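> Protein chains in written order, with the numbering used here: chain A, 6 to 148; chain B, 88 to 176.
No wet-lab data here; the hints were simulated from the structure. Small disclaimer: the values here were computed from a predicted structure and weren't measured. Glycine included, every Cβ here is placed at the ideal spot set by N, Cα and C. Don't take every hint at face value.
Claimed, not checked - DSS-like cross-link-like pairs, simulated, lysine-lysine; straight-line CA separation at most 25 Å: (1) A/Lys66 <-> A/Lys12; (2) A/Lys12 <-> A/Lys65; (3) A/Lys65 <-> B/Lys172; (4) B/Lys172 <-> A/Lys66.
Claimed, not checked - Far from chain A, by Cβ distances over 12 Å, these chain B residues were calculated: (5) Leu96; (6) Ala106; (7) Glu109; (8) Val123; (9) Phe161.
As the list claims (entries may be wrong) - So these bits of chain B aren't anywhere near chain A, every CB distance computed over 10 Å: (10) Leu95; (11) Val104; (12) Met110; (13) Pro111; (14) Phe116; (15) Tyr122; (16) Val128; (17) Tyr151.
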Amino acid sequence: MHDFILKEVVSHLIPFIQIYGIYVIMHGHLSPGGGFSGGMVLGLSMVLFVLVFGLREGLKKISHNTSTVVESLGTAWYATVGLVGVLRGASFLVNKAAGIPTGQPGELLSSGLILVITVGVGVKVGSTILTLFVELIEEGSEE
Amino acid sequence: MKVVAYLLLVVVLSTLVLAVGEMPTYGCFNPTHNYVYDRYVRHGVEETGALNVVAQIIVDYRAYDTLIETTVLFAAIVSVMLTLKSGSH
Chain A
6 MHDFILKEVV SHLIPFIQIY GIYVIMHGHL SPGGGFSGGM VLGLSMVLFV LVFGLREGLK
66 KISHNTSTVV ESLGTAWYAT VGLVGVLRGA SFLVNKAAGI PTGQPGELLS SGLILVITVG
126 VGVKVGSTIL TLFVELIEEG SEE
Chain B
88 MKVVAYLLLV VVLSTLVLAV GEMPTYGCFN PTHNYVYDRY VRHGVEETGA LNVVAQIIVD
148 YRAYDTLIET TVLFAAIVSV MLTLKSGSH
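Work the whole structure out from these sequences, hints included.
Next up, the structure:
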């Protein structure tokens, strides 16, 4: 595709979409949103890039391996964060009961493990969307 | 084989319908509906430190659920790769 206007508009739009996605993820414990929805926004920004600039340019930015590895690490990150509670003598995946400081409610860096887990889930969901899309579009372009 | 499948379907369906019949009528007073809800609304902020009730529930009270939910996404990726990449190896 050699649509100049589309490429210009999208290349200026994508940073804002990604900043909004990061905002939704980081404020998951304060406002509506969270890891799943913010990660979806992040992932769809990358899907938009692949749609407009083509699969080859997209794979130059984030290779197939990177997105797969990040996607797998997201799940592992969640389970590992859950183990923090076990190491501190409480149950799996507990937050305040394990003595993790939760800070002042309403501030950005608060709520202990919730923020840490939300960031992991967001990155995971974003890379999941990208991996699924790239996987499916590759299958179509091979034929 | 098909008969067994239909029979199983009927058994599961009738069990579910019976379970629905056992449920209390919507909106009637039932303390078991209100304990958990009350706890989340009253003590959620002090117990988790988060302001968003949805985040409190899915990442703190029901964190196991969300952990398996992310595993479902992982399973989706694995199954797509298994089905689409089988020919190329």
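> Each hint: holds or not?
Hints and how they fare:
With a C-alpha separation of about 16 Å, the suggested pairing of A/Lys66 with A/Lys12 holds against the 25 Å cut-off. Distance restraint check for A/Lys12 and A/Lys65: the Cα-Cα separation of roughly 16 Å lies within the 25 Å cut-off, and the hinted pair is therefore satisfied. Restraint check: the Cα-Cα separation between A/Lys65 and B/Lys172 comes to about 21 Å, which is no more than 25 Å; the hinted pair holds. Of the supplied pair hints, the one linking B/Lys172 and A/Lys66 holds, its CA atoms being roughly 22 Å apart against a limit of 25 Å.
With a cut of 12 Å on Cβ distances, B/Leu96 stays outside the contact zone with chain A, its closest approach being about 31 Å. Every CB of chain A lies more than 12 Å from the CB of B/Ala106, the least distance being 29 Å, so the non-interface label holds. Every Cβ of chain A is farther than 12 Å from the Cβ of B/Glu109; the closest lies at roughly 32 Å, confirming the non-interface assignment. The non-interface label for B/Val123 is consistent with chain A: the shortest C-beta to C-beta separation is roughly 17 Å, beyond 12 Å.
With a cut of 12 Å on Cβ distances, B/Phe161 falls inside the contact zone with chain A, its closest approach being about 5 Å. Every CB of chain A lies more than 10 Å from the CB of B/Leu95, the least distance being 32 Å, so the non-interface label holds. Every C-beta of chain A lies more than 10 Å from that of B/Val104, the closest at about 32 Å, which supports listing it as non-interface. The non-interface label for B/Met110 is consistent with chain A: the shortest C-beta to C-beta separation is roughly 29 Å, beyond 10 Å.
For B/Pro111, the shortest C-beta to C-beta distance to chain A comes to about 30 Å, beyond the 10 Å cut-off, and the non-interface label holds. Annotated as non-interface, B/Phe116 keeps its C-beta farther than 10 Å from every C-beta of chain A; the closest such distance is 30 Å. At roughly 19 Å from the closest C-beta of chain A, the C-beta of B/Tyr122 stays outside 10 Å, upholding its exclusion from the interface. For B/Val128, the shortest C-beta to C-beta distance to chain A comes to about 14 Å, beyond the 10 Å cut-off, and the non-interface label holds.
Taking the minimum C-beta to C-beta distance to chain A, about 6 Å, the non-interface status of B/Tyr151 is violated against the 10 Å cut.
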